[in-house]
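2 protein chains.
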Amino acid sequence: MSTLQDVPLAQAYRLLNHGPTVLVSSAHDGRQNVMAAAWAMPLDFDPPKILVVIDKATHTRQLMEAAGEFALNVPCRYQAQAVVAAGSASGADCDKFAASGLTPMAAQRIGAPLVAGCSAYLECRIIQEPHNQQQYDLFIAEVVAAQADSRVFSGGRWHFEGQDALRSLHHVAGGHFFVSGDTVSGQP
Amino acid sequence: MSTLQDVPLAQAYRLLNHGPTVLVSSAHDGRQNVMAAAWAMPLDFDPPKILVVIDKATHTRQLMEAAGEFALNVPCRYQAQAVVAAGSASGADCDKFAASGLTPMAAQRIGAPLVAGCSAYLECRIIQEPHNQQQYDLFIAEVVAAQADSRVFSGGRWHFEGQDALRSLHHVAGGHFFVSGDTVSGQP
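Just so you know, the sequences run in chain order A and B.
1 is the number of the first residue of the first sequence in full-length UniProt numbering; add one for each residue after it.
1 is the number of the first residue of the second sequence in full-length UniProt numbering; add one for each residue after it.
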């Protein structure tokens, strides 16, 4: 039985608030692709917007610009090897889902696939900002649907206790990641 | 003796690559301020650029727009309480360095102060992009100097083993953070 649950759009920013590495999935005209990206973050709360940096040289860039849509998938510790594989090859040369051992699954509101087995999903529609896209490889998008694995995200909060395999990945460099660790709190 | 070392500018993106919460410090015309921000990330490698989202309602916004400069400071686990304090009050009403228990120190190339005791520093000059600033509260800046604490960052890499108090903070919500945890790796 699936443990995926819809996340209210006003809470979607919390899926990226802690700075995880993401997988960007895209599709257009019968082709699909997935790539790793460390540079994604929230931009606004409600309606939720996100930022992601996607290099002009990538196959993902072609697909997402053509479709006007993409998804951000938040991968888990157990997927570290697949994330590095998805960040290494180019989807112009191979089927990166197959090459990375990742499985596509249907999204709710966009044509791009999601990556099965991730901890969270943000389905995104590009807000056209040609100057940012051309000058900085920077994309602004609205989040139109969000889901998360209720084992580690519920009530608007991440909770990884007892689910070490599902902890988020935070890219250091060269295929090395920190996983999200202990929780600490401060008082306002 | 200080453990701070200069970080080559081409490696500055690695100070933010793993998605830490930052403190934004700013100064103009004899006033200075510090605030917490979860929404900051790299935008480019060399020359290094970063993105940060700063709400129009903040005192920091006034100071950084007036000065054209600010610093991103990467705070540590032991500073979690101060980070929450710096994210709660407004610098328009009080001296937030004093109110948060944080100590300013001189930057290398900008007028804004740095926050003493952080693990890394990026001194930034704003690249004027009025549409992004007005429409999205989004700032693009070039990193003109970078430093890190050599106990936890050297040779272009973070290494927190044996330095738990210096681990980075990743904001979940409401003053709760994950700290950077174990390291995992994949093979390209």
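Worth double-checking, as some hints may not be accurate.
Claimed, not checked - Sample of chain B residues with no beta-carbon within 12 Å of chain A, all distances over it, derived:
hint	residue
1	11
2	53
3	65
4	77
5	86
6	93
7	125
8	151
9	156
10	168
11	171
To be verified - From the structure, some residues in chain A lie toward chain B, with a derived Cβ separation under 7 Å:
hint	residue
12	103
13	104
14	108
15	109
16	171
17	173
18	178
As the list claims (entries may be wrong) - Using 25 Å as the maximum straight-line C-alpha spacing, the simulated DMTMM-like pairs for lysine to aspartate or glutamate come out as follows:
hint	chain 1	residue 1	chain 2	residue 2
19	B	49	A	182
20	A	49	B	182
21	A	56	A	137
Just so you know, these hints were derived from the structure itself, not from any lab.
Keep in mind that this is a model prediction, so the values were computed, not measured.
Where is the CB? At the ideal position from N, CA and C, for every residue including glycine.
Evaluation of the provided hints:
{"no.": "1", "hint": "11", "verdict": "violated (9 Å)"}
{"no.": "2", "hint": "53", "verdict": "violated (6 Å)"}
{"no.": "3", "hint": "65", "verdict": "holds (18 Å)"}
{"no.": "4", "hint": "77", "verdict": "violated (6 Å)"}
{"no.": "5", "hint": "86", "verdict": "violated (10 Å)"}
{"no.": "6", "hint": "93", "verdict": "holds (14 Å)"}
{"no.": "7", "hint": "125", "verdict": "holds (16 Å)"}
{"no.": "8", "hint": "151", "verdict": "holds (16 Å)"}
{"no.": "9", "hint": "156", "verdict": "violated (7 Å)"}
{"no.": "10", "hint": "168", "verdict": "violated (8 Å)"}
{"no.": "11", "hint": "171", "verdict": "violated (5 Å)"}
{"no.": "12", "hint": "103", "verdict": "violated (17 Å)"}
{"no.": "13", "hint": "104", "verdict": "violated (20 Å)"}
{"no.": "14", "hint": "108", "verdict": "violated (24 Å)"}
{"no.": "15", "hint": "109", "verdict": "violated (23 Å)"}
{"no.": "16", "hint": "171", "verdict": "holds (5 Å)"}
{"no.": "17", "hint": "173", "verdict": "holds (6 Å)"}
{"no.": "18", "hint": "178", "verdict": "holds (4 Å)"}
{"no.": "19", "hint": "B:49 with A:182", "verdict": "violated (30 Å)"}
{"no.": "20", "hint": "A:49 with B:182", "verdict": "violated (30 Å)"}
{"no.": "21", "hint": "A:56 with A:137", "verdict": "holds (7 Å)"}
Going through the hint list in order, the structure does not satisfy hints 1, 2, 4, 5, 9, 10, 11, 12, 13, 14, 15, 19, 20.
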